[in-house]
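Asks: This is what each chain is made of:
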Amino acid sequence: MSADTRTPTGGNPPTFEEGPSFVSAPIAALVSLVAPGVGQILARQWRRGLLILGSSLSIIGLLIWRIGLIATRQETWGEKVTRALQRQPGFTILMFAGILVLWAWNVWDAYKQTTSAKRGGATIFALVLVLFFVLGWQISEIDLYKAVTELDDTWPLLSRVLWPWEAAVTRRTDTVSAKALIRVPCEGDSPAPPAEVPGQPYVSVEPACGDLSDLDEENQIVPGTEVVFTGRGFMPNTETQIWWSDPVSNQFQIRQAGEYLAVMTDRDGAFELDVIMPYRLTPPSAVGVQEHEIEARQVSDVGPLIPSDPLKLSIERMVETIMMGMMATAFGIVLAVPVSFLAARNLMSGSWYTMALYYVTRTILNIVRSIEPLIWVIISAQWVGLGPFAGIIALTIHTIAALGKLYSEAIEGIDPGPIEAVQATGATRLQTIMFGVVPQMIPPFVSFSIYRWDINVRMSTIIGLVGGGGIGFILIQYIRLLNFRAAGIAVWFIAITVAILDYVSAEIREKYT
Amino acid sequence: MLEVKNLTKVYDDGTVALRDVSFTVEDGEFLIIIGLSGSGKSTLLRCINRLVEPTDGQILWDGADVTAAEATDLRKIRRQIGMIFQQFNLVKRSNVVTNVLTGRLGYSNQWHSLLQRFSPDDKAMAMAALRRVGIEDQALKRADELSGGQQQRVGIARALVQEPKMILADEPVASLDPVLAHSILEHLEDLNQNESITILCSLHYLDLVQRYATRVIGLRQGEIVYRGTQAEIQAMTDEEFKDIYGEEAVRVGGGLEGSLGGAA
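Each protein sequence line maps, in turn, to chains A and B.
According to our numbering, the first sequence is numbered sequentially starting from 1.
According to our numbering, the second sequence is numbered sequentially starting from 1001.
Treat each hint with caution, since some may be false.
What the hints assert, rightly or not - Distance ranges between label pairs, derived from CB positions:
hint: 1; chain 1: A; residue 1: V384; chain 2: B; residue 2: A1068; range: 54 to 62 Å
hint: 2; chain 1: B; residue 1: E1136; chain 2: A; residue 2: V446; range: 25 to 33 Å
hint: 3; chain 1: A; residue 1: T363; chain 2: B; residue 2: A1128; range: 32 to 40 Å
Simulated from the structure, these hints should not be mistaken for laboratory data.
No experiment lies behind these values; they were computed from the predicted model shown.
Quick reminder that beta carbons are idealized off the backbone N, C-alpha and C, glycines included.
Just chain B, same shape as in the assembly (with noise of 0.2 Å):
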């Protein structure tokens, strides 16, 4: 269980990024947050894992402190909970296998993996793992070699390996077409189904907020605006969507909204 208690992130320049936001996520949810580019959603996801330091409040992950963890106990913290980018955060000279393996680096010996070295186990994980997403075919590939919905998929099997309670992915498909978007979070909804990982996702399109969250939070200005059930999102309208999220709000489109609309 997640549970984030008066955050708040003021940056060097004195931009408010996040300004006492609480909420709770329990084990197993599929969490989206929404918000305009700028409401502080990227800030949010990076404060659970300390990418971003906050500046107030707490975080409590399975009643761990993360906030006041010292380097060792937050490294344990970080491992455990995967983490997917927008960019895909790939590194792009390297090959898809290695790129996976980081995602072991958390539980490997540090000397051993300054050599490049890794255990059997973790191999046969990493190679599992790109099984799983479809693409074990690339693993010897250079990184830049793949597209970008094969590239996140690389990104969603890093986060595997670490064997995650939770993965936060940040805007996972803002950079894939409509139809790359539904694979890779229906990859995340397998695991959140499958796997009992929990799920803390931050998106821009309402018809996928609709198909995939149990429930949803709204962010503006660095301030929780909105709280939604699943039956309250599905019920939500074009209309209610843009008066959170403001004009820039659109549907993957076309025809996929209306089946998979109904599908939901």
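Excised from the complex, chain A in its bound form (with noise of 0.2 Å):
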């Protein structure tokens, strides 16, 4: 509020706000009632008048918009009210009973600002304060009782993101398999059970030929031929599953009644099983008769621990991402370096036109900056493709613009007093560089190099996300197939990475200042 403006000042002219109500009191309370704070306004109180119009009319604005939004299918507004006092009374009540509040008080304040100087209302705008928090609390959809009651399922898959490391290793696997071949449909001879040869293992499926399962009319399953299928020489007490190849060699793990199924082996590592020929769409070209495959197959984890896929994969990128936001630096350090002295006022202050080309720079690099390096990306991988190349251009873009805003101050910043001093020796110009200007420039520009090296490599891990390479790519990937142990250890290569970067390039940077 304006509380100092009335206060008659010395030799200032007398401003809007001195000097009587232009109407009566009632009259203002009256207006104020029509149109909240014009009253105030008539009153010479210009600027808390706006300020309750302005925050009547937001509010207002803004309840009205959002009660739309919770009673779309209402046609009248007595209708939508009431419907958003259903839906949502606590919000609806709070906001009517806040805006019956606020303007019975302007009516009130209205009045009472032609008559007094004095001000008060600092309650009244702190209204205004919680119903703009009540607004943006609907707005932006907060909801506490889902933050609680939703914690419970998060925790598994928050535990795998947490502790992720069981997906780090695995373990080669080792198949074992007999296939057994059958005819379809059953005409002429069925195909000769294969030949066993000792210490392999061995199917046999009888009958060896049949129909496969089919839909008709209605789409309901007619299932196919029953056939029993055997098998021996396999290991002992181990789960074993059943596929089906076509005659295209197309493979699948057979299903029934919605299980992959598979069977246990007993003691000696033999089974027996019924199958139900399953259900496979075959081509219109494919008539006549055709040759299946059904398969046993164990799959067992044998050998040491090796690592895993993701494990190896975020090593991989994590490196990827260090490197990428070496290079970035490196190239963004090699430009940022003439731009800086193109975007120092000091260097730059010789003439007009060189003035001019200081603030165009300036202007440039404010606006480079400002477009944060996510959006770099989106625009470098259209020019050479997604990947890490994509990334390096968008961090050397952004690295430039914070660089060369940072060194030209550190340019401007040079004292000239080493420079004359070393001038006075007798030095040559290059000395003179050498020993009075370079040592100023160093501690800084190191400094400042390594700083953006560390945000580089950060901004590296999240870049990815959208398509610039790096850790965040495979990241995003990650999250997308649910597989949160994986992503689990991307996140934790991230975290170690950002944190030894953090004190590394702490240590460095005390070292230089």
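Work from the hints to combine the two standalone chains into their complex.
Replies: So, in structure tokens, the structure goes:
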């Protein structure tokens, strides 16, 4: 509030707010009853009036918008408000009550402003703030109830991200399998059972021909022929998967009643299982007799623990990320140095065209810097395609702008004293730069560059999310595949790298300041 | 011998810093320039080694025309003239001995010096200079770790390794407290008397002027308004001093004043 504006101050010309009210108290109150704040303006309290008018209009406008969204199907405003009261009673009642109080206070305030110089009104502006917070709460869809109730379901997922290391190792798998042929349909001779080799697993199927499951006109399953599938010579007491492979070698695991078909071998490594021949869409060209295969397959983990693919990929991508940050910083430094000379006021103040160049450079730097690297990635990915190179380009662009500004400020901060002193010893121009300028510039340059490298590695962990390569690229894929353990590994690597980098960069910068 | 003839300096913005200034400095003098800030003292000192380009007039250094000297000759003239500054003008982040060694740049091979390589003789000379001003033990510290008085001594050491015939001192003690002021000026007096180095020094304090000067010139608005010999200065009262100097003039103060005044 403009409590100070009415205080008469020495030689200042009288302001609008000084002098008597334009209207009498009741009229001001009446005007404010119709249009909040206008009565105050007529009482020469234009700042106060505009504040009231502005906040009333915004609050009412926002409320109308939100009620419209709550009750989209209702036609009239009466119905809409009723619906809003039903669906979100707390919000609606709070808002209406608040606006009512605000309105009443505004009328009383307009009356008071014409008569006395007393200001006050802090409480009511607190109410305005509260109303904005209520609106903000509703607009940003804050739902604490949900936050609490959903917590339980989140825990399994979150725990996988927090401790993903079970997925970091795996074992090589070994497959033991045997196949038998089945003819579809039963025409001519059934295929001969495969020859049994001693020491090798063996399966046979009886009968060795039949019909596949099919769909009738109502899309109901017509079960195929039931065959007896027997095997021996497998690993004992081991789960055995049953696979089917059609004449064009498409393999799939047979499902019955929604479950993958599997059987446990007995202690001699033998099994016997009834299998309904599965449904398989055969191409119209595949008329006549076809030879399918049924396979028993035992998959087991063997050998020592080895790093899993997510672990290997995370390490590879983390290295890629650090390198991206390093390359972008290197390119950025090389290009930012010349730019920083153009953006240093003390170097460019020589003539009007260097000054113009200075302003142009500064403006471009400010614009480029205000666009986040995430957006630059989207642009550069259009240019060179998805991948780390796009990320490097984006980071380089942002680095040039950020370092260009920091460097130029370092140049502007150079003390001319030592330069003068070195000159006075009879040093050449080059010696003067080497002994008077460079020692002053190196510490801030090193410090800023290390800081930027730190930022760039951090940035390159997330620009992968939008296609800029690096670890973010696999992180977003794992999240979309709901592979939270693998995502957790990537998150861990990001956290470890950033923490180490943070420490190292702080240590180095400490030395240079 | 330094001869300054009709020296005039007008800055680009039209400020006349020096107007037709002429004087001569004999070898071995301790000439003190007094004057208000803005009276042109700093400009005058900087014109002598052309850190500031004079607008008009002539400066002769041992018969050589400083004002007309080309770059190479100018550097040869500059290396014979040491300079110390009010703000010390050390490279704060370099160590002390490197700061002193910059005084040798005018004598060293440009390309060697760019690699920060100095000859063993130069290094020995730098250490000797530091020993002379009593801060040899600080040689490897960063310049900004030193106190103000120590930094100014580094400044003197830097001027000293130039093996100068003359030292220009621009308000060398204005940033220091009175006790340190005497210690710095005593170093300059030592160089003046024992090494026959001519000293050209601008100063603020009357008692320091009386104590150290062999001759004084006073500047006001870029013109010489006072020339005094040692005897004339000793006899000068505070009122006369203030007349040249304006109300800014102060003594270093207190107890020191009497004892030093008596010694002089």
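Asks: Do the Cβ positions of A/T363 and B/A1128 conform to the proposed distance bound of 32 to 40 Å?
Replies: Given range 32 to 40 Å: violated, Cβ gap about 54 Å.
Asks: Could you tell me whether the CB distance from B/E1136 to A/V446 stays inside 25 to 33 Å?
Replies: Holds, since B/E1136 and A/V446 (Cβ atoms, about 30 Å apart) stay within the stated range.
Asks: Can the suggested window of 54 to 62 Å be confirmed for the beta-carbon pair A/V384 and B/A1068?
Replies: Given range 54 to 62 Å: holds, Cβ gap about 60 Å.
Hint compliance for this structure: hint 3 alone is broken.
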